[in-house]
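Undergrad: Chains A and B are the protein sequences, given in the same order.
Using the working numbering, read the first sequence as starting at 8 and increasing by one per residue.
Using the working numbering, read the second sequence as starting at 510 and increasing by one per residue.
Calculated directly from the structure, the hints in this document are not laboratory data.
Note that the structure is a prediction, hence the values are computed from the model and not measured.
Glycine included, C-beta positions come from ideal geometry on N, C-alpha and C.
Just so you know, not all the hints are guaranteed correct.
To be verified - Computed list of chain B residues with no C-beta within reach of chain A, every gap over 12 Å:
1. Asn550
2. Gln551
3. Lys578
4. Glu580
5. Thr581
6. Ser589
7. Glu615
As the list claims (entries may be wrong) - Simulated crosslink set (SDA-like; lysine to any residue; CA at most 20 Å straight-line):
8. B:Lys604 x A:Lys20
9. B:Lys567 x A:Gly65
10. B:Lys604 x A:Glu82
11. B:Lys604 x A:Gly23
12. B:Lys604 x A:Glu107
13. B:Lys577 x A:Arg62
14. B:Lys578 x B:Ala526
15. A:Lys20 x A:Glu82
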Amino acid sequence: EAGVTQSPTHLIKTRGQQATLRCSPISGHTSVYWYQQALGLGLQFLLWYDEGEERNRGNFPPRFSGRQFPNYSSELNVNALELEDSALYLCASSLVVRRETQYFGPGTRLLVL
Amino acid sequence: AQSVTQLGSHVSVSEGALVLLRCNYSSSVPPYLFWYVQYPNQGLQLLLKYTSAATLVKGINGFEAEFKKSETSFHLTKPSAHMSDAAEYFCAVSKETSGSRLTFGEGTQLTVNP
């Protein structure tokens with residue numbers, strides 16, 4: 008069974024640009040979560056999507072947004088990139104009946120210059 | 510708000526020695542608790558989870574953890590360390606009332622010496 012996949016693996020942008028990160032959940036999983044792992048800040052919850060709706064978001068500005076598609080894959084968009092957005096962005100998925108158990112993808116490493 | 514504290518950002522053990530990674534949580538009700546491992550340049554892999562069943566939880570790769578409500582702890586142990594266990598370990602907590610978000614500890618970097 009394929010795990011959570013993310014693309015691209017690496018992304019380099021300049022300040023002010025927009026970044027789009029993609030995530031495909033494990034087959035059968037309908038909930039998708041995004042986390043940011045920034046140096047010195049640890050792992051922080053960003054967003055949770057379930058059944059195509061944003062269910063919860065962490066303490067991040069509105070320029071962090073995303074969506075979930077009918078096939079349950081998800082996109083994370085970061086607008087007006089800032090240097091401090093450089094981080095590893097991890098996507099996780101879970102079954103709707105086991106939301107507490109999340110399985111993670113390999114991440115997208117975003118570097119903002 | 511719930512939180513997780515991992516005692517010791519770096520732990521070093523010899524190959525074959527006991528591994529003990531400490532995690533304490535603060536929560537008003539028994540939460541779900543997890544240990545994840547992150548190898549260099551990779552995502553997080555679920556090691557084990559506590560979801561209010563047995564207090565001693567066995568995970569993958571020979572790891573186990575014991576939920577102790579009286580101590581609000583969920584320490585991770587492995588009887589005999591292998592070189593391949595060198596990685597960063599994260600304790601995490603979740604409650605349904607928090608929207609299923611995981612709150613992570615700051616991580617413990619485990620070094621295994623030959």
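Undergrad: Against chain A, does Glu615 (chain B) hold up as non-interface, every C-beta pair farther apart than 12 Å?
TA: violated, 5 Å
Undergrad: Quick check for students: does the CB of Gln551 (chain B) sit more than 12 Å from each CB in chain A?
TA: Non-interface label fails for Gln551 (chain B): nearest chain A Cβ at 6 Å, not farther than 12 Å.
Undergrad: Holds or violated: are the alpha carbons of Lys604 (chain B) and Lys20 (chain A) at most 20 Å from each other?
TA: violated, 36 Å
Undergrad: Within a Cα-Cα threshold of 20 Å, do Lys567 (chain B) and Gly65 (chain A) meet the stated pairing?
TA: Violated, at about 31 Å.
Undergrad: Taking 20 Å as the top limit, are the C-alpha atoms of Lys577 (chain B) and Arg62 (chain A) close enough?
TA: Answer violated: Lys577 (chain B) to Arg62 (chain A) is near 31 Å, above 20 Å.
Undergrad: Is the hinted pair Lys578 (chain B) and Ala526 (chain B) satisfied, with a Cα-Cα distance of at most 20 Å?
TA: With a Cα-Cα distance of about 27 Å, the restraint between Lys578 (chain B) and Ala526 (chain B) is violated, given a limit of 20 Å.
Undergrad: For Asn550 (chain B), is the shortest beta carbon distance to chain A beyond 12 Å?
TA: violated, 8 Å
Undergrad: Within 20 Å, alpha carbon to alpha carbon, are Lys604 (chain B) and Glu82 (chain A)?
TA: Distance of about 25 Å is beyond 20 Å: violated.
Undergrad: Tell me if the straight-line CA distance from Lys20 (chain A) to Glu82 (chain A) falls inside 20 Å.
TA: Cα-Cα ~17 Å, so holds.
Undergrad: If I take the minimum Cβ distance from Thr581 (chain B) to any residue of chain A, is it greater than 12 Å?
TA: holds, 18 Å
Undergrad: Decide if the proposed pair is consistent with the structure: Lys604 (chain B) and Glu107 (chain A), CA atoms, cutoff 20 Å inclusive.
TA: It holds: about 7 Å lies between the C-alpha atoms, which stays within 20 Å.
Undergrad: A cut-off of 12 Å on Cβ-Cβ distance, and Glu580 (chain B) was said to be off the interface with chain A. Does that hold?
TA: holds, 22 Å
Consistency with the previously given hints fails for numbers 1, 2, 7, 8, 9, 10, 11, 13, 14, ordered from lowest to highest.
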